[in-house]
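Full structure from sequences and hints, please.
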Amino acid sequence: MGGLRNGILAFLFYLLVTLCVPVIGADLKPNDVVAKHLDSLGSKDARDAIKSRVVEAKIVYKVIVGGAGQIEGKAFLASEGQKVNLLFKIEAYDYRGEQFIFDGSKVGVARTDSDKNRSDFGEFIRSQNAVVMEGLLGGVMTTNWPLLNVEERKAKLEYKGLKNVDGRQLHMIRYRPKKGTDLDISLYFDPETFHHVMTIYKLTIQPGLAASDRGSSQLQESRYKIEERFSDFKTADGLSLPSSYDLRFTEELQSGFSKSLEWIITPERVLNNIEIDPADFQIQ
-13 MGGLRNGILA FLFYLLVTLC VPVIGADLKP NDVVAKHLDS LGSKDARDAI KSRVVEAKIV
47 YKVIVGGAGQ IEGKAFLASE GQKVNLLFKI EAYDYRGEQF IFDGSKVGVA RTDSDKNRSD
107 FGEFIRSQNA VVMEGLLGGV MTTNWPLLNV EERKAKLEYK GLKNVDGRQL HMIRYRPKKG
167 TDLDISLYFD PETFHHVMTI YKLTIQPGLA ASDRGSSQLQ ESRYKIEERF SDFKTADGLS
227 LPSSYDLRFT EELQSGFSKS LEWIITPERV LNNIEIDPAD FQIQ
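-13 is the number of the first residue of the sequence shown in this note's numbering; add one for each residue after it.
To be clear, the hints were calculated from the coordinates, so they are not data collected in a lab.
Remember, it's a predicted structure, so these values are computed and weren't measured experimentally.
Yeah, the Cβ is synthetic: ideal placement off N, Cα and C, and Gly gets one too.
As a list, the in silico DSSO-like pairs of lysine-lysine whose alpha-carbon atoms are at most 27 Å apart:
| no. | residue 1 | residue 2 |
| --- | --- | --- |
| 1 | 30 | 140 |
| 2 | 22 | 188 |
| 3 | 15 | 188 |
| 4 | 211 | 92 |
| 5 | 149 | 220 |
| 6 | 22 | 220 |
Now the in silico label distances, taken between C-beta atoms and shown as ranges:
| no. | residue 1 | residue 2 | range |
| --- | --- | --- | --- |
| 7 | 264 | 239 | 36 to 42 Å |
| 8 | 54 | 269 | 31 to 37 Å |
| 9 | 190 | 257 | 36 to 42 Å |
Below you can see the structure in the form of structure tokens.
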């Protein structure tokens, strides 16, 4: 009888724990996740002490779909307050990388291919500039990260619970900028550390009307997706920042053409409170 009673008690305990896990997640509010996330970065004094940051990194650019190959280069992320300059330098024959600048009011996207046009990724960012303007691109690596000052941003945050992403349970928050955007933006946080580990941006464009119903039924949606993954957090100057940053861009067009690109960014030096030339934030 003792063994049966112990077995029943063990089963009830397992059931109680299993049922309580989603409830704990459901009870969280967006501000709770943000507060824990900020604590994961460092103390308030440490966060407030940082006025500018320069990240020097090596970068590997890969064509995953729509081509093949990879090439190494350099990346620089400079930020001061809300101003940001993200530069990816790639010395390929027909591609020179990317550069996105936010001067505090406007977003500039450089023309970096061999024909002096913007890349597909650059053109997408130009059309959906909230990614840079809101300080989302690059995550906590820039001083413009929006969760550092949620009240000033006045963005709408919606907690969506724990989600299974690539076999991991992550807290998900949907982010909607005050000025609005066509993008579906989801931020993901590690449930133990509350580090920001991923952002996914999605955009679906419905096909235009064709001359006939039959023609309309044959048209496909255009789908765009940006994925940012952050890992291997290390502490310096009282702040815990990622030392691995993976950026992917995928487009699936109405024509049936698909392309998927990846930039693997590995920071080599992080310099806080360094003087930055104002010209670095000027849009050409």
